[in-house]
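Undergrad: Note that this note's numbering has the sequence shown beginning at 71, numbered continuously upward.
In case anyone wonders, no lab produced these hints; they're calculated from the structure. Take these hints with a grain of salt, some might be off.
[Said to hold, decoys possible] Computed beta-carbon distance windows for the label pairs:
| hint | residue 1 | residue 2 | range |
| --- | --- | --- | --- |
| 1 | Asp184 | Arg395 | 43 to 51 Å |
| 2 | Lys383 | Thr289 | 20 to 28 Å |
| 3 | Ala241 | Ser166 | 43 to 51 Å |
[To be verified] Listed below are the simulated DMTMM-like cross-link pairs for lysine to aspartate or glutamate, each with C-alpha atoms no more than 20 Å apart in a straight line:
| hint | residue 1 | residue 2 |
| --- | --- | --- |
| 4 | Lys383 | Glu196 |
| 5 | Lys348 | Glu374 |
| 6 | Lys383 | Glu407 |
| 7 | Lys376 | Glu239 |
| 8 | Lys348 | Asp313 |
| 9 | Lys129 | Glu148 |
| 10 | Lys217 | Glu196 |
| 11 | Lys129 | Glu264 |
All residues carry an ideal CB built from backbone N, CA and C; glycine is no exception.
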Amino acid sequence: MLRPRSLLISSVLLLLLAGGCQQAKTPDTLRLSGQTMGTTWSVIMVRGAESVDSEGLQKRLQASLDQINRLMSTYDPESQLSRFNTRFSTDWFPISEETAQVIEVAQEVSRLSDGAFDVSIGPLVELWGFGPTPRGEKIPTEEQINKKLALVGYENIRLRRNPPAVRKEVAGLQIDLSAVAKGYAVDALAEIIEQQGINNYLLEIGGELQISGHRGDGTPWQIAIEKPLEGVREVAAIIPLTDTALATSGNYRNFYVEGGQRYSHTIDPVRGQPTRHKLAAVTVLDQTCARADALATALMALGEEKGRELCEKHQIAAYFIIHERTSTTVYASPAFERFLQEVKQ
71 MLRPRSLLIS SVLLLLLAGG CQQAKTPDTL RLSGQTMGTT WSVIMVRGAE
121 SVDSEGLQKR LQASLDQINR LMSTYDPESQ LSRFNTRFST DWFPISEETA
171 QVIEVAQEVS RLSDGAFDVS IGPLVELWGF GPTPRGEKIP TEEQINKKLA
221 LVGYENIRLR RNPPAVRKEV AGLQIDLSAV AKGYAVDALA EIIEQQGINN
271 YLLEIGGELQ ISGHRGDGTP WQIAIEKPLE GVREVAAIIP LTDTALATSG
321 NYRNFYVEGG QRYSHTIDPV RGQPTRHKLA AVTVLDQTCA RADALATALM
371 ALGEEKGREL CEKHQIAAYF IIHERTSTTV YASPAFERFL QEVKQ
């Protein structure tokens, strides 16, 4: 399975839907759900769902998720990505069109964020104890960090689209797509759903969403953003959304404390160490969930100040939740505010 980031940090997003079984159907509403990538997926479809073969659609959606996992999981030693990672050769390595699309999105966001998002960061994630293998007893030394940093750098990844292939310019470089592949999976499932002629639905994989059309009563979907509190689930804001993708990244549930110091799972690719800033969670709206997923991770790596600058420079629709000493503050980027105003009109 892909790295279960959402399972570890839980979902910053709470769908305001009634719970349901794996397949639940009313005359105009269909709910499907399942498991994937160490988390769960679900979709609710309205207005037009009455004519859908629910069993057939369930199988198609699950098969698509299983295929993405087989291609991009770093937990499966036989996955396409794992086989690339274990090669020390710098020759071209053939990959699927799906994997090529995900790497292309990742590289775009890496360039946009000046390397704050970097899918070659896997060796550092593993070093700090947030990868598939158990965490070591000691905090990494500067020497260990520098050794892994030598293997990190999105500039050392070369992508070819026709035929699709990837190569590394540094032997030992590895790619971890867990911060974008889940969003890509949302996009893939949305395409399958829309092929059924359904345009009003809410699709979710571990907190990453594709929101299309409206609810059964014709109003926008209502999405709750959770406060980043340890051991507590409270709503920070409820926002009306339609026709957008949404992804969230946060530090507040995937961390450990060693020697009185808190270490979060978001790694700064430049310093090679867990980030240290007040930004607790970021929610991003974008046309595709893959890009929203990558942007949310990039903003978490940048922190509040640099993240704001990136949002305002590139018109990124983002909502920050910031931890102060005794309080929590929020920041909505201008693009995020504009989007909400358009939905309300």
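Undergrad: Hint by hint, say whether it matches the structure.
TA: Each hint tested on the structure:
1. Asp184 <-> Arg395: 43 to 51 Å: violated (30 Å)
2. Lys383 <-> Thr289: 20 to 28 Å: violated (34 Å)
3. Ala241 <-> Ser166: 43 to 51 Å: violated (23 Å)
4. Lys383 <-> Glu196: violated (32 Å)
5. Lys348 <-> Glu374: Given that 20 Å is the threshold and the Cα spacing comes to 7 Å, the pair holds.
6. Lys383 <-> Glu407: With Cα atoms ~15 Å apart, lysine 383 and glutamate 407 stay inside 20 Å; holds.
7. Lys376 <-> Glu239: Roughly 29 Å between the alpha carbons, so the hint for lysine 376 and glutamate 239 is violated.
8. Lys348 <-> Asp313: The given pair, whose Cα atoms are some 31 Å apart, is violated under the 20 Å limit.
9. Lys129 <-> Glu148: violated (23 Å)
10. Lys217 <-> Glu196: holds (13 Å)
11. Lys129 <-> Glu264: Measuring from Cα to Cα gives roughly 15 Å; hence the hint holds.
Violated hints, listed in ascending order, are 1, 2, 3, 4, 7, 8 and 9; each of the other numbered hints is respected by the structure.
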